[in-house]
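4 protein chains.
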Amino acid sequence: MKNTATLLISCPDRRGIVASVSHFIYQHNGNIIHADQHLDHELGLFFMRIEWNLDDFNLPIKVFRQQFNKIALKFEMNWNVVMSIDRFKLAIFVSKQDHCLADILYRHKRKELNCDIKLIISNHPNAKELADLYQIPFFEIPISKINKKNSEQYMLKLLKKYEVGLIVLARYMQILSPDIVKEFPNNIINIHHSFLPAFIGANPYKKAFDRGVKIIGATSHYVTDGLDQGPIIEQDVIRVSHREEVQDMINKGRDLEKIVFFRAIQWHIENKILIYSNKTVVFN
Amino acid sequence: MKNTATLLISCPDRRGIVASVSHFIYQHNGNIIHADQHLDHELGLFFMRIEWNLDDFNLPIKVFRQQFNKIALKFEMNWNVVMSIDRFKLAIFVSKQDHCLADILYRHKRKELNCDIKLIISNHPNAKELADLYQIPFFEIPISKINKKNSEQYMLKLLKKYEVGLIVLARYMQILSPDIVKEFPNNIINIHHSFLPAFIGANPYKKAFDRGVKIIGATSHYVTDGLDQGPIIEQDVIRVSHREEVQDMINKGRDLEKIVFFRAIQWHIENKILIYSNKTVVFN
Amino acid sequence: MKNTATLLISCPDRRGIVASVSHFIYQHNGNIIHADQHLDHELGLFFMRIEWNLDDFNLPIKVFRQQFNKIALKFEMNWNVVMSIDRFKLAIFVSKQDHCLADILYRHKRKELNCDIKLIISNHPNAKELADLYQIPFFEIPISKINKKNSEQYMLKLLKKYEVGLIVLARYMQILSPDIVKEFPNNIINIHHSFLPAFIGANPYKKAFDRGVKIIGATSHYVTDGLDQGPIIEQDVIRVSHREEVQDMINKGRDLEKIVFFRAIQWHIENKILIYSNKTVVFN
Amino acid sequence: MKNTATLLISCPDRRGIVASVSHFIYQHNGNIIHADQHLDHELGLFFMRIEWNLDDFNLPIKVFRQQFNKIALKFEMNWNVVMSIDRFKLAIFVSKQDHCLADILYRHKRKELNCDIKLIISNHPNAKELADLYQIPFFEIPISKINKKNSEQYMLKLLKKYEVGLIVLARYMQILSPDIVKEFPNNIINIHHSFLPAFIGANPYKKAFDRGVKIIGATSHYVTDGLDQGPIIEQDVIRVSHREEVQDMINKGRDLEKIVFFRAIQWHIENKILIYSNKTVVFN
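Chains as they are written, first to last, in the working numbering: chain S, 11 to 294; chain X, 11 to 294; chain D, 11 to 294; chain A, 11 to 294.
In isolation and in its complexed conformation, chain S is listed as follows:
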């Protein structure tokens, strides 16, 4: 298993950032295995992801945090460092459609996703079978206009109890209220079954059919308070023609949703995503 640290940085663009950061890591005997950077010319912002091997690195991460802070202050950096051995703790939310859930659980079992899936929450009982099969704790929490506040309080309690760091909405057809969203800023990933910003909201395949588009898509994005408005992580598309009825689009779309959703989760747990201006930088 790999033993690396990953540093994610964003700061105003200035001379010497790369030199300072790479020198610091070199000084402490770190061997850089990946480095990527991005410059937003318009906003004058610099972004960097740097991953290095910890095998011969001579600073404990705690000490690294203290010492690196000097560089960070000098360049006014937003930054954080994560270690590959600290696995993400996930909660999966799902409603009736379980293809994204099934896909994630299978990939997780086959080690395509290096994270811990702590629990599954659904407003329907259907997913229990899959949860049992993969031995993940399952909680059915129905949502109605009346109980929504209580239900979400219960969810928050569970998320806390299981120390969840990332929520993924695997076709969860309820809108999370701001109370939950604000507890997981940039840590809730949704899969929307359209090529955003086209066809926001419910029944996007029906809308796509009615508009007569020749290509349909799927979009994974971070959840914010605006419906389907959060930073887009990944999108993919597939051709359709007049021969495809709504149900055919739904069928074709499922395969898109699974892959787009998986990629977004994978990049997130590999710390490859930086967010700014309601957009993502994906260092993949």
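These are calculated hints, taken from the structure and not from any lab test.
Glycine included, each C-beta is placed from N, C-alpha and C at the ideal position.
Warning: the hint list may mix true and false statements.
Said to hold, decoys possible - Calculated from the model, a selection of chain X residues having no Cβ within reach of chain S, i.e. all distances over 12 Å:
#, residue
1, Gln37
2, Ser105
3, Lys167
To be verified - With a straight-line Cα cutoff of 25 Å, these simulated SDA-like cross-link-like pairs (lysine to any residue) come out:
#, chain 1, residue 1, chain 2, residue 2
4, D, Lys119, S, Val256
5, X, Lys216, S, Gly236
6, X, Lys282, A, Arg249
7, D, Lys217, A, Pro241
8, S, Lys119, S, Pro147
Claimed, not checked - Which stretches of chain S does chain X cover? Using the computed rule of at least three CB atoms under 8 Å from a CB of chain X, they are:
#, stretch
9, 48-60
10, 204-211
11, 218-231
12, 239-246
13, 252-264
14, 283-293
Place chains X, D and A on chain S using the hints.
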């Protein structure tokens, strides 16, 4: 050169349509070389395109029209028949950006498009050079708030004079007023530089950049009175990432626009498109 | 559940085929819901797929076969007719890699594939867990140089016993000997993990990596005696770059393999494929 | 116009490379605007591209070369540095098919390609018209078995005279002999009209048709002595079906060829390509 007739039909779905039509053509010694059909189950509508060789066909088209009308009446068909020797007469409208124009002119010269390009109309002088090179009559007709009505009257006169049957808007950045649109129903093709219905109107690449999409597109559609609302003929897309700035998207998009626009024109002049419910059936 | 018949025809091109066939169906009160045809100009061959509703059709299929034979003889047709209620009986062969198997089993359970999966055969024990989960009979039949002949005889016995009509090789890493292939002509579908005809045989991702291609693919094809030489049913591709090592290609490729394999099986069991000249006509 | 220098490096992987290089540039007041790197784990090789603004850089490039050499020696680097103001000098070779030529000339005129096109060489007279239109010197140099040696000597003389640094083969259907190839190592770009390594050599669309593939492609690569064996720079693909005959594939393929060829040339002249192990690293 091929010598065929193409029959396009739409009518309520009923038993015996294919049998009647194909029997009629067979009876008169026509050899079918392409046939395609489509059934809209929801609306109960049937669509058909049938193309046959005229070499041994024993009915002049005039007579065909009279005799086929009996079948058409029986099945309540909307229909029309066109002959491959009747070439479409095109007008190309363009503004400053000339990549779609240049592409169409080159393809036309290399015989990728079997039609006659009768004239080029622009609200800017730039395209004159290309028009001269390919020896197509060029008319610069500036558009301002004040002269728009007159300018469009002049355009209509030119379109009439040159017997134009199809207008193609090769990045023409003016909105045609309903006076022109209603004279060419389903005979004006536009290329819009976004993946419709996302990013309607001006500056779609800027809007795409601001929204942070991971894929950009281009859309060719028939022009109706609603801005970018007409039936979609073709779309295509290309991936972008955080590295692409607006200008990079514009550059990448140009290649999409050229191909999507070309395909739409080609299918139209090959009589492969049927329109209904603000959608297209493309028999390609 | 739909109740249709599908007629697949190939014959020398001649006037009157469509008229005769469609008239025959109309005469017996069949309502055509799909019809598609293809003409190979070079070889002068005509292909047709026609599907009609049986609800009001006034010929039992047995009688249909007898009566249609007159038309078939006249036009020298190869033809067969299948009914939607007659479900395909499948055997899945698999080795260690089980992603295609898992995908097919999940889709089958969710009714994306209308067929019966009768048994799973593997030269490894791994797939038993999935087989048990979906309650499909599982047979581990190891293959070695010494036992291959016996093992395949046993397979043939099982295939006969379960009345299997279609074998699908879900990453089965053994070469079927001609004894099996000849028993299932055009009824064995393989998924090959490359964009054929590039990278035939073992380790295609390694070969793709070594050649430095920028796009990798997957191919589903019918199995013939020539290794990876059979008629191609479907292919799909995905971009790679210098950043992808062999294992990354394997990971990305898995998603291609699943989708390409599924499509091929689906089209086969929906009787949408005609085979000639070592190629496929896919009426989808 | 931008005023930057670009440094391309390859060397054995070792700690401190990024730190040393970035520190050196920083020291001399260079502001890095792009940096990208790649590590081939298997071979233990490190690759880097770094581009910085020269506006405030306090070393003339001549001096930079001398001083940077110390770092280069320490890390055993292969390296070179180029300045954005030094434009590439191109020769375009073409045969009868002129779509790639026309595309490149149009893009060059519209400033999509920042290079100088010094001359066009063809074994046919056709391209003279385009050459005249864009006012590029044109040389018709017929090739036959008998005159090939002399013709190529004449070509070499012309290439020398015009100080050509990059040859691009825009569908040039002759094989360059090793005499020319060895004079332009990694500086000849070809466009091959197939998805290599499938369908090497002549008539790839015919071969693709015969094999019944469902996707066709185009490949741009550097020319080496092995036919279509050189390092691949870029590939792209498009779907085909049984409906496409060879000529349709040729038509569809043309659009691929133009785009793939353009991208390869663009990346080359922007110094974004590193070559090793008969593969390319494209830092785009």
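Right, here's what the structure says about each hint:
1. Gln37: holds (30 Å)
2. Ser105: Consistent with the label, Ser105(X) stays out of reach of chain S, its closest Cβ about 25 Å off (over 12 Å).
3. Lys167: Holds, since 34 Å exceeds 12 Å.
4. Lys119(D) x Val256(S): holds (21 Å)
5. Lys216(X) x Gly236(S): holds (21 Å)
6. Lys282(X) x Arg249(A): holds (19 Å)
7. Lys217(D) x Pro241(A): Distance ~14 Å between Lys217(D) and Pro241(A) Cα, so the pair holds.
8. Lys119(S) x Pro147(S): Within the cut-off at roughly 15 Å; holds.
9. 48-60: holds (count 3)
10. 204-211: holds (count 5)
11. 218-231: Satisfied; 6 residues make the cut.
12. 239-246: holds (count 6)
13. 252-264: holds (count 3)
14. 283-293: holds (count 6)
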